[in-house]
Amino acid sequence: MIVKTDAIVLRSMKYGETSKILTLYTREFGRMSVIVKGARGAKSKFGAALDVMSHSSVVMYKKEQRELQLLTQADLIDQYRRIIDHPDRLMYGFALLEFLSSTVNGEEAHEELYAVLEHSLAALNAADARPAAVLLHYLLRLIHALGLGIDVRHCVRCRADFSEESTLQRHAAFSETHGGFTCAQCPPAPDSLRTSVETVGILRWLDTHAVDQSSRLAVSERAAKEGLQLLQRHLSSHVPEMRKVKSASMLDLFS
Amino acid sequence: MLSTSPSLDALISEFARLPGIGRKTAQRLAMYVLKRPREEAEQMAAALLHVKDNVRTCSICCNITEDDPCSICSSTRRDHRVICVVEESNDVFAIERTNEFRGLYHVLGGRLSPLEGIGPDDLHVRELLDRSREGVDEIILAMNPNVEGEATTLYLSRLLKPMGLRITRIARGIPMGSDLEFTDAATITRAFEGRIAL
Numbered sequence: 000m001i002v003k004t005d006a007i008v009l010r011s012m013k014y015g016e017t018s019k020i021l022t023l024y025t026r027e028f029g030r031m032s033v034i035v036k037g038a039r040g041a042k043s044k045f046g047a048a049l050d051v052m053s054h055s056s057v058v059m060y061k062k063e064q065r066e067l068q069l070l071t072q073a074d075l076i077d078q079y080r081r082i083i084d085h086p087d088r089l090m091y092g093f094a095l096l097e098f099l100s101s102t103v104n105g106e107e108a109h110e111e112l113y114a115v116l117e118h119s120l121a122a123l124n125a126a127d128a129r130p131a132a133v134l135l136h137y138l139l140r141l142i143h144a145l146g147l148g149i150d151v152r153h154c155v156r157c158r159a160d161f162s163e164e165s166t167l168q169r170h171a172a173f174s175e176t177h178g179g180f181t182c183a184q185c186p187p188a189p190d191s192l193r194t195s196v197e198t199v200g201i202l203r204w205l206d207t208h209a210v211d212q213s214s215r216l217a218v219s220e221r222a223a224k225e226g227l228q229l230l231q232r233h234l235s236s237h238v239p240e241m242r243k244v245k246s247a248s249m250l251d252l253f254s
Numbered sequence: 000m001l002s003t004s005p006s007l008d009a010l011i012s013e014f015a016r017l018p019g020i021g022r023k024t025a026q027r028l029a030m031y032v033l034k035r036p037r038e039e040a041e042q043m044a045a046a047l048l049h050v051k052d053n054v055r056t057c058s059i060c061c062n063i064t065e066d067d068p069c070s071i072c073s074s075t076r077r078d079h080r081v082i083c084v085v086e087e088s089n090d091v092f093a094i095e096r097t098n099e100f101r102g103l104y105h106v107l108g109g110r111l112s113p114l115e116g117i118g119p120d121d122l123h124v125r126e127l128l129d130r131s132r133e134g135v136d137e138i139i140l141a142m143n144p145n146v147e148g149e150a151t152t153l154y155l156s157r158l159l160k161p162m163g164l165r166i167t168r169i170a171r172g173i174p175m176g177s178d179l180e181f182t183d184a185a186t187i188t189r190a191f192e193g194r195i196a197l
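For the protein sequence lines, the chains are A and B, in the order given.
Residues 0 to 254, numbered by numbering that gives the first Met the number 0, are exactly what the first sequence covers, in order.
Residues 0 to 197, numbered by numbering that gives the first Met the number 0, are exactly what the second sequence covers, in order.
Be aware that one or more of the hints could be misleading.
[Said to hold, decoys possible] Computed cross-link-like contacts, DSSO-like style, restricted to lysine-lysine with a CA-CA straight-line distance of at most 30 Å:
no.: 1; chain 1: A; residue 1: K245; chain 2: B; residue 2: K34
no.: 2; chain 1: B; residue 1: K23; chain 2: A; residue 2: K245
no.: 3; chain 1: A; residue 1: K36; chain 2: A; residue 2: K62
no.: 4; chain 1: B; residue 1: K34; chain 2: B; residue 2: K51
no.: 5; chain 1: A; residue 1: K3; chain 2: A; residue 2: K61
no.: 6; chain 1: A; residue 1: K62; chain 2: A; residue 2: K13
no.: 7; chain 1: A; residue 1: K245; chain 2: A; residue 2: K36
no.: 8; chain 1: B; residue 1: K160; chain 2: A; residue 2: K36
no.: 9; chain 1: A; residue 1: K62; chain 2: B; residue 2: K23
no.: 10; chain 1: A; residue 1: K13; chain 2: B; residue 2: K23
no.: 11; chain 1: A; residue 1: K245; chain 2: A; residue 2: K224
no.: 12; chain 1: A; residue 1: K224; chain 2: B; residue 2: K160
no.: 13; chain 1: A; residue 1: K224; chain 2: A; residue 2: K243
no.: 14; chain 1: A; residue 1: K3; chain 2: A; residue 2: K13
no.: 15; chain 1: A; residue 1: K61; chain 2: B; residue 2: K23
Just so you know, the hints here were simulated from the structure itself, not pulled from any lab data.
Working from the sequences, and respecting the hints, build out all of it.
Okay, here's the thing in structure tokens:
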């Protein structure tokens, strides 16, 4: 069956003399592996459409029983030039792709996951992007879309609202078992990770705003690291088959 | 065991370990070797061992060589003030085929690939920095034109620029023999950005 769908290239590897094997996240079929014959040849018609992070419209010859589908055509929709040309953003772009690729397996359409990735890449590509805020926002949305509920607005024990200043004092405690934070008045769970009030505030703000508004939020280096650590911990504790996200350790490569 | 010969099975298994070679192709290759004269098999075996015994990396440019330093690094006819940085040794062969570039090379041994966990410490970056301090005027960054190549180019240019050298990159754009009509928008954009005055 010949199918056409929008896709974002998650990974690319050389295969044989001139071919490539790609991992795509597609709007209509979810995660897919495809082979593209002749993609590395000097006269390849694909250009940047099959580069990692490219957002393209692709045509495939798809067989249900086959694990590796044959891609025959790709037209570039967006290459996210501001991400590629800005080293600080580029590392965060890689992390967006890898978090999805590490947590999602198998062909299964998930419109929301696709939209989260697409909107986050667009936000990271915006002129005034704040990469750390985009990544934290993306992880919150990814966690929600995967149904792994995390509550960053209320105490997971007494349901106190974190918007009231008295509920948090010098720090909060994040429990991956409970999927959220405990307030200053409640005893922390045994597996808790001590978290600064700043980080909780940032996650709360991001949870209630769209990703394209994240440029309005300044995120300190400490809060960015702390937020990433706890969201990553939450993901890996709920997705046992999650692979290590290698790019997360290289976010500061250009700092 | 698939055949009636354990020796043939062993050879098939060895061929099947090569990248891009599946079990069926390995079987075809093994049958071919079996049918050829013994001398050819000896030549092949000798070539394999010779490569393992004699080929190493040049201590200056990290390219593969049998002599250290390699013939390019030790040549007095090359311009030692210009270094072209490439990802792999295959890229040196490609550039040498042009007979245009007369400088030296530096082979990184890969490119930055955060998705595969390949960082600067996994590449020959420190060796490049050491070389760049001694009588070098220009560094040409010749990475593959993809996102990971771009990350490598940006990373190296940030490291090298403070050293006061001329840092350049090879042009990106439309390949010879292709057609504008069928070139994607990203490539045409890069080609316009890299246009030169005539």
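Q.
When the structure is checked against the list of hints, which entries are broken? Sort them ascending.
A. 1, 2, 8
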